[in-house]
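K.L.:
Next come the chains, spelled out residue by residue.
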Amino acid sequence: DQQVKQNSPSLSVQEGRISILNCDYTNSMFDYFLWYKKYPAEGPTFLISISSIKDKNEDGRFTVFLNKSAKHLSLHIVPSQPGDSAVYFCAASAHWAGGTSYGKLTFGQGTILTVHP
Amino acid sequence: DTGVSQNPRHKITKRGQNVTFRCDPISEHNRLYWYRQTLGQGPEFLTYFQNEAQLEKSRLLSDRFSAERPKGSFSTLEIQRTEQGDSAMYLCASSQGIGARTEAFFGQGTRLTVV
Numbered sequence: 001d002q003q004v005k006q007n008s009p010s011l012s013v014q015e016g017r018i019s020i021l022n023c024d025y026t027n028s029m030f031d032y033f034l035w036y037k038k039y040p041a042e043g044p045t046f047l048i049s050i051s052s053i054k055d056k057n058e059d060g061r062f063t064v065f066l067n068k069s070a071k072h073l074s075l076h077i078v079p080s081q082p083g084d085s086a087v088y089f090c091a092a093s094a095h096w097a098g099g100t101s102y103g104k105l106t107f108g109q110g111t112i113l114t115v116h117p
Numbered sequence: 001d002t003g004v005s006q007n008p009r010h011k012i013t014k015r016g017q018n019v020t021f022r023c024d025p026i027s028e029h030n031r032l033y034w035y036r037q038t039l040g041q042g043p044e045f046l047t048y049f050q051n052e053a054q055l056e057k058s059r060l061l062s063d064r065f066s067a068e069r070p071k072g073s074f075s076t077l078e079i080q081r082t083e084q085g086d087s088a089m090y091l092c093a094s095s096q097g098i099g100a101r102t103e104a105f106f107g108q109g110t111r112l113t114v115v
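Chains A and H are the protein sequences, given in the same order. As numbered in the working numbering, residues 1 to 117 make up the first sequence, in order. As numbered in the working numbering, residues 1 to 115 make up the second sequence, in order.
Since the hints were derived computationally from the structure, they do not count as laboratory data. Quick caveat, the model's predicted, so the values are computed rather than measured. We put the CB at the ideal spot given by N, CA and C, even for glycine. Check each hint, because a few of them may be wrong.
Label pairs and their calculated CB-CB ranges [as the list claims (entries may be wrong)]:
(1) A:Gln14 to H:Gln84: 39 to 45 angstroms
(2) H:Thr113 to A:Ser12: 28 to 34 angstroms
(3) H:Thr76 to A:Asp1: 27 to 33 angstroms
(4) H:Thr76 to A:Ile112: 29 to 35 angstroms
Stretch by stretch, here's where chain H covers chain A in the computed footprint (C-beta under 8 angstroms, at least three residues) [to be verified]:
(5) 32 to 46
(6) 103 to 112
This is chain A alone, in the form it adopts within the complex (with noise of 0.2 angstroms):
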């Protein structure tokens, strides 16, 4: 039961352009979503997150949007340069009142980017 969905495997975009990566997830207790890049041989970094309490998030060149009733979010990179070419990790986490999975995070299947310059 794969919870957290990314359904492209791969994207390839113009150096300078916007690339706009998605996932899809289908447990509505999660409300909290991380976005992580990791490059080959090295561990996953952190990107952006936003909580569902927020419809978008914005640091830099990224944004993440939320939209709750399509269990959807996105990652818009603008502009694109060729040192954002990595895996893409969409992830979530839910916030289980008296529960003890506070922070486990359920990933998606990952999303190459491949920026041309």
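Put chain H on the given structure of chain A with help from the hints.
P.N.:
Just chain H, lined up with the frame of chain A:
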């Protein structure tokens, strides 16, 4: 302290052998997680510690897997009687907080190859 540290970076072992990995989290972080990542997939949750207490274990964590975090500092993940299906990248992450809305910081991982 520059981040989460994992050792070794790479481990090749023969099927049936035991292996142990170590993770040193960011020093002030009270939470520690282990994940496993196979080719073409995202990381999958294995287990979670809050300080020294192991509070959750995934069903992916068979009886051959055991994790500890003595004194709430570093953690070890041991795999007994390794199988070829155990070949994967094992990732450790840590975070600070008491709620769900906190980002986890990952180490560089230990790549295990079982031959």
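K.L.:
Look at each hint and say if it fits the structure.
P.N.:
Hint check:
1. A:Gln14 to H:Gln84: 39 to 45 angstroms: 42 angstroms, holds
2. H:Thr113 to A:Ser12: 28 to 34 angstroms: 31 angstroms, holds
3. H:Thr76 to A:Asp1: 27 to 33 angstroms: 30 angstroms, holds
4. H:Thr76 to A:Ile112: 29 to 35 angstroms: Distance hint for Thr76 of chain H, Ile112 of chain A holds at roughly 32 angstroms.
5. 32 to 46: holds (count 9)
6. 103 to 112: holds (count 8)
The structure shown violates none of the earlier numbered hints.
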